[in-house]
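J.: Residues per chain are reported as follows:
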Amino acid sequence: MSCILVVEEARRDGSTRVFQETLAAGRRLAELTGLAVEAAGVGEPGRNIFAQITGAQPAAGHAIRHELLAAYTADGYTLAFEQLIRRLEPRYVLFPHSYQARDFVPGLAARFGQALIGDVTAIGEGPTFARQLYQGRMHATYRHAGGGPCFLSIQNGAFRADEGAGGTMPVSEFTPALEPAQIRTRPGTPFRETAQTVDLSSAQRIVGVGRGIKDAEKLPLVEDLAGALGAELGASRPICDNGWLPMERQVGSSGQTVAPKLYLAVGISGAIQHLVGMKGSQCIVAINKDPDAPIFEVADYGIVGDLFEVVPALTEAVKAAR
Amino acid sequence: MKIVVAIKQVPDRDAAIRMAPGAKEIDERELQWAMNEPDAYALEEALQLKEKHGGEVIVASAGPERVGTTIREALAKGADRAIHIVADDLGARDALGVARLLARAVAPESPDLVLTGLQSEDRGEGQTGVILAELLGLPHATLILHVDRTETGLRVKRELEEGWHQWIEMPIPAVLTMQSGGNKLRYATLMGIKRAKAKELRAVSAAELGVDATPAIVLEGMAAPQKQKSTQILRGSPREAAAELVEKLKTEARVL
Chain A
2 MSCILVVEEA RRDGSTRVFQ ETLAAGRRLA ELTGLAVEAA GVGEPGRNIF
52 AQITGAQPAA GHAIRHELLA AYTADGYTLA FEQLIRRLEP RYVLFPHSYQ
102 ARDFVPGLAA RFGQALIGDV TAIGEGPTFA RQLYQGRMHA TYRHAGGGPC
152 FLSIQNGAFR ADEGAGGTMP VSEFTPALEP AQIRTRPGTP FRETAQTVDL
202 SSAQRIVGVG RGIKDAEKLP LVEDLAGALG AELGASRPIC DNGWLPMERQ
252 VGSSGQTVAP KLYLAVGISG AIQHLVGMKG SQCIVAINKD PDAPIFEVAD
302 YGIVGDLFEV VPALTEAVKA AR
Chain B
205 MKIVVAIKQV PDRDAAIRMA PGAKEIDERE LQWAMNEPDA YALEEALQLK
255 EKHGGEVIVA SAGPERVGTT IREALAKGAD RAIHIVADDL GARDALGVAR
305 LLARAVAPES PDLVLTGLQS EDRGEGQTGV ILAELLGLPH ATLILHVDRT
355 ETGLRVKREL EEGWHQWIEM PIPAVLTMQS GGNKLRYATL MGIKRAKAKE
405 LRAVSAAELG VDATPAIVLE GMAAPQKQKS TQILRGSPRE AAAELVEKLK
455 TEARVL
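Keeping their order, the protein sequence lines are chains A and B.
Residues in the first sequence are numbered from 2 upward in steps of one, following the numbering used here.
Residues in the second sequence are numbered from 205 upward in steps of one, following the numbering used here.
Incorrect hints may appear among the rest.
As the list claims (entries may be wrong) - With a Cα cut of at most 25 angstroms, we get these calculated SDA-like pairs of lysine to any residue: (1) B/361 x A/260; (2) A/290 x B/237; (3) B/361 x A/262; (4) B/454 x A/321; (5) A/290 x B/443; (6) B/388 x A/220; (7) B/452 x A/182; (8) A/219 x A/191; (9) B/454 x A/191; (10) A/262 x A/182; (11) A/290 x B/341; (12) B/452 x A/71; (13) B/361 x B/375; (14) A/280 x B/427; (15) B/388 x B/228; (16) B/361 x A/290; (17) B/401 x B/255; (18) B/403 x B/342; (19) A/290 x B/232; (20) A/320 x B/237; (21) A/219 x B/311; (22) A/280 x A/199; (23) B/454 x B/440; (24) B/454 x A/12; (25) B/361 x A/49; (26) B/452 x A/15; (27) B/388 x B/368; (28) B/206 x B/427; (29) B/228 x A/11; (30) A/215 x B/236; (31) B/361 x A/215; (32) A/320 x B/408; (33) A/219 x A/321; (34) B/361 x A/11; (35) B/403 x B/314; (36) A/280 x B/231; (37) A/290 x B/386; (38) B/398 x B/292.
Hints were generated in silico from the structure; no laboratory data involved.
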């Protein structure tokens, strides 16, 4: 009873959007292979894990329940999914490419002699699976060599969730065999470092600054531009890692997700971790010295040049136009 | 504490990445190479733990001959000795295949802690540390920003999505994958570079380790990405390009 098993994950706010996108990837794979899509998820007793699924429903759901899975641990989830996968023998197992999946799925796959194809952006005939390499500078396609289940994680936003009306499906309960001693880590309660004082998600315009700025002392250049545009200042991860701007200004997978009317990327190459946080912006402008930088793939307007010359000129031009 | 740090040599960030003609891999001929940055943070954490608690820091790296320069850099920064797993076919192995090499080379050291970066800047799979833990039979935690030694093991700070964090307590031995930004990276000093030359660098061939190189996933092809949008590149002097951009943002995109 070979199937495509899609694993549920809910965000902290209860949103299951990334799961629904992963289900869409599963349906794409179903078209190509003729296999049925089934869903699996971990949940406390009584919770209907699959209640939020919109559009075409999976053929079946598998609700994994165990008191030792109340808080996520890599050990608990690896054991539980290993047992479910051995029972169902799916041909493909799909996860959202989340921090949680990245924490345990590579080990789970290794247990089956498999390697995860991670952060998949597209599924083609074959089937083949596309993912990015070299910080987005190359796109590669992979296929599974066979001989066991194929483990995939699906990039956030790469597939569009089916928005049709929901429905029902048969759900069976699965209780894995788990012992307390098998859970070797003790996770604490998640917390936020400091109260977020900068809400970039509601900004109309953002000037994002990246590694190309080279030196904290050059930041006033982009601050002036942001000032002239009436924009908030955002940054890619390395800028915040260096302590040049506070972490709360970070845009990307480990920072904030933004969708302003205007996103102006200065000296940002466009690694995937940054792109997922800003590619939904209405208008994207990139200033970068490297014409091959992946940021230009998502930009509406681009200037290839030295930001130390272009940014002051742009600040003047914006001031002159206002 | 005996700490092993798994590091990878990757193309320098500013290197132009181009396809090798008729091949499935990139053209390596004129590339500059560097230590994978998240691995540099793992090394930094290991060196700080050693400074606080004593012990030994051993770096392990797989790859061809050229990897030696990155290993020397780690030794110059303060690692005590190194293991170079000499393999010319890293690109043909999948994440499991590479982790098997590292696990086989690292296991005889019986380390208290294995650290590595959360992902590499070339393939970006982010799997090596987690698979290493599985193969070594050790508990692990990923995306770690801070490590405290406790009486029974470790207390580590893990990054979650959207600005959230959590503390995790775990026993040792263990494997951690380090997020960047938790520490400030040190530079190698002249004295360090001098001392590194005398440190032990043991080479072991992939063949000697006797690891199956057959991949579970196969690279079909690779290409430079196609643009998702048609980007208008504005040319001319900085002043001309800036003026044209402002005009377009006002009248075409209507975002000013």
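J.: Flag every earlier hint the structure violates by its number, smallest first.
T.: 1, 3, 7, 8, 9, 10, 11, 12, 15, 16, 18, 20, 21, 24, 25, 26, 28, 29, 31, 32, 36, 37 and 38
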